[in-house]
Amino acid sequence: MADVQVQEQSKGGKKKPKKGDARVDMTPMVDLMSLLITFFMLTAAFSKPKVMEIILPEKIKKNEKVEPPKIADSRTLNIILGPEDKVYWYPGKADPEVTVLQETDFSATGIRQVLLDRNRALFRKIDQFEKDVIAGKINIKQDSMRSAISQLKKDDDTGPIVLIKAYKTAKYKNFVDIMDEMSIVGIARYIFTDIDWIEEKLVVDAINRAAATPSGSAQ
Amino acid sequence: MPKIKLGAKSPRIDMTPMVDLFTLLLTFFILTATFRPQESAPVDTPFSVSEKPMMDANVMTVLIAKDNRVFFNVDNGPDTILKFRPKILAEMGKRYNIEFTEDELRLFEKTGTAVGVPIQDMKKYLASKDSDEKIALEKGVPIDSTDNQLALWILFARQINPAADAMIKGDADVEFPVVREVLDILQDKNVNRFNLITNLRSAEVTEEQIAE
Numbered sequence: 001m002a003d004v005q006v007q008e009q010s011k012g013g014k015k016k017p018k019k020g021d022a023r024v025d026m027t028p029m030v031d032l033m034s035l036l037i038t039f040f041m042l043t044a045a046f047s048k049p050k051v052m053e054i055i056l057p058e059k060i061k062k063n064e065k066v067e068p069p070k071i072a073d074s075r076t077l078n079i080i081l082g083p084e085d086k087v088y089w090y091p092g093k094a095d096p097e098v099t100v101l102q103e104t105d106f107s108a109t110g111i112r113q114v115l116l117d118r119n120r121a122l123f124r125k126i127d128q129f130e131k132d133v134i135a136g137k138i139n140i141k142q143d144s145m146r147s148a149i150s151q152l153k154k155d156d157d158t159g160p161i162v163l164i165k166a167y168k169t170a171k172y173k174n175f176v177d178i179m180d181e182m183s184i185v186g187i188a189r190y191i192f193t194d195i196d197w198i199e200e201k202l203v204v205d206a207i208n209r210a211a212a213t214p215s216g217s218a219q
Numbered sequence: 001m002p003k004i005k006l007g008a009k010s011p012r013i014d015m016t017p018m019v020d021l022f023t024l025l026l027t028f029f030i031l032t033a034t035f036r037p038q039e040s041a042p043v044d045t046p047f048s049v050s051e052k053p054m055m056d057a058n059v060m061t062v063l064i065a066k067d068n069r070v071f072f073n074v075d076n077g078p079d080t081i082l083k084f085r086p087k088i089l090a091e092m093g094k095r096y097n098i099e100f101t102e103d104e105l106r107l108f109e110k111t112g113t114a115v116g117v118p119i120q121d122m123k124k125y126l127a128s129k130d131s132d133e134k135i136a137l138e139k140g141v142p143i144d145s146t147d148n149q150l151a152l153w154i155l156f157a158r159q160i161n162p163a164a165d166a167m168i169k170g171d172a173d174v175e176f177p178v179v180r181e182v183l184d185i186l187q188d189k190n191v192n193r194f195n196l197i198t199n200l201r202s203a204e205v206t207e208e209q210i211a212e
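Same order as they appear, the protein sequences are chains B and X.
For the first sequence, the tail end lands on 219 under our numbering, and the numbers increase by one without skipping.
For the second sequence, the tail end lands on 212 under our numbering, and the numbers increase by one without skipping.
What the hints contain is simulated information worked out from the structure, not anything from laboratory work.
Built from N, CA and C at the ideal position, the CB exists for glycine as well.
Among the clues, some could well be false.
Claimed, not checked - Residues from chain B that keep clear of chain X, each with C-beta distances beyond 10 angstroms, as calculated: (1) Thr27; (2) Pro49; (3) Glu53; (4) Glu97; (5) Thr99; (6) Lys141; (7) Gln151; (8) Ile161; (9) Lys168; (10) Tyr172; (11) Asp177; (12) Ile191.
As the list claims (entries may be wrong) - Output of the computed footprint for chain X on chain B, the stretches with three or more beta carbons under 8 angstroms from beta carbons of chain X: (13) 83-92; (14) 198-207.
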C-alpha cells in the first residue's frame, strides 16, 4: 500500500532512523476519487426527470346544467388515438354516413404535418417572434416572452380547434405524444374529450378496412 | 558538443493539489446528490419535448405500472419537520379503523417508497423485513368504485398538504383507459392540473414543413 518506509534498526544501542522518503503513493486514491466524482456528476445531471403540464377542464357535476360551448365545425379537427400507434383524424362533425377517417402516425410527416397545414399562420407568427427575440430585435424578458406567446395564441382566430379522443386500446404513450405535438406545432386551442359511439364505430370500420386490404395499409 | 546530462530525478508528480481539488468536488457532489428510494415497480416513462424540470417537494405522484397496478406516493413536504407522510397515513388508518403505532408511522415517514398495498395490508407490509414478501403484498392501490382507496389517499394528501401538485408517472405502454380512470379520480377531487412525468427528447419542425 502506502510506501512509508519505516525501518527498525536494532544494532547497537543507538537508534538512527534512516532518512527515508515519507511520501505516500496517492495514485490509487486519485483513481478512486475520479471514479466517484464521475459517478456522482453523471447521476446528478441525469437523474432529474422532466414534467409536462396539462390542464383539463373542470368536470361537470351531474346535477349541474352547463351549456356545451359552441364551436364552428369548419375549424374543428378531431383526432382519435387508435391502436398500435395509429392516429385517425377527420375535420368537422362526425357523420356515420359521410365521414371517413384518415389514418396517419406520429412521425414528423404524419399528424404533425396535418396540424401544421392548418396552423401555419399562427406557427409562423410564433416562430418569427422567437427569432426576433433571439436576434435582439425585440427586447423582452424570459417570463414576459411566455405570456407574449400565449397572447399571440389567444388572439389567433384562424388555427384549428383540436378535439383529442382516445380509442380504448390506445396507449398512454400516444396521449403524451399528441400533447407533445400540440406544443411543437403551437396549437392555441385543444381539448381532451371522451370518444363517442359514432367515432368508436368509425375507428372499428377503419381497422377492419385496413385488415381487409393488407397491401394497401403497408404504405 | 557536450552532451546534456539529465539528472537522475524521480519522475514523481506532486499530487497533493489534485487530491485536494478532487476531495472538494467529491464532497460537493456527494452532499448535493439526492438519493431517491427504490421504485416498487419499474416504470418506463414516455418521451416528450417538455423541458420543465420536476419539482423537489410538495408533490403527490400516482404511478401506473405496466401491469396496470396503481401506486401512490407523497412526500414529507418541503421541510422534514412537517412530517406529512405519517399524518396522511394516520388519517387513512382512522378512516379504515386501523390504529398505526408510533413505530409504524415513523417507518412510513422514513421510507419514501410509493404505497402499493391496500390499506388493510399496510400493517403487514410495514412489519415485513423480507423484500420478496413485500413485493408479493404490492397488489396496487384499489381504484374501483366499491373501495376507491386512491381517491382517499388523494383527498387526505390534499387536506394535509394543500400545496401538493399532482404528478402522473405512467408506463408508456399502459392502456389509456386506466390512465383515464386515474385522471377521473383526480378530477373528482378537484385536481385539474397534472404534471406528466416524461423523459426529454427533441423535435424540430423543418422549413419544408412550414412551406405550403
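Hint numbers the structure violates, sorted upward?
-> 1, 2, 3, 9, 10, 11, 13, 14
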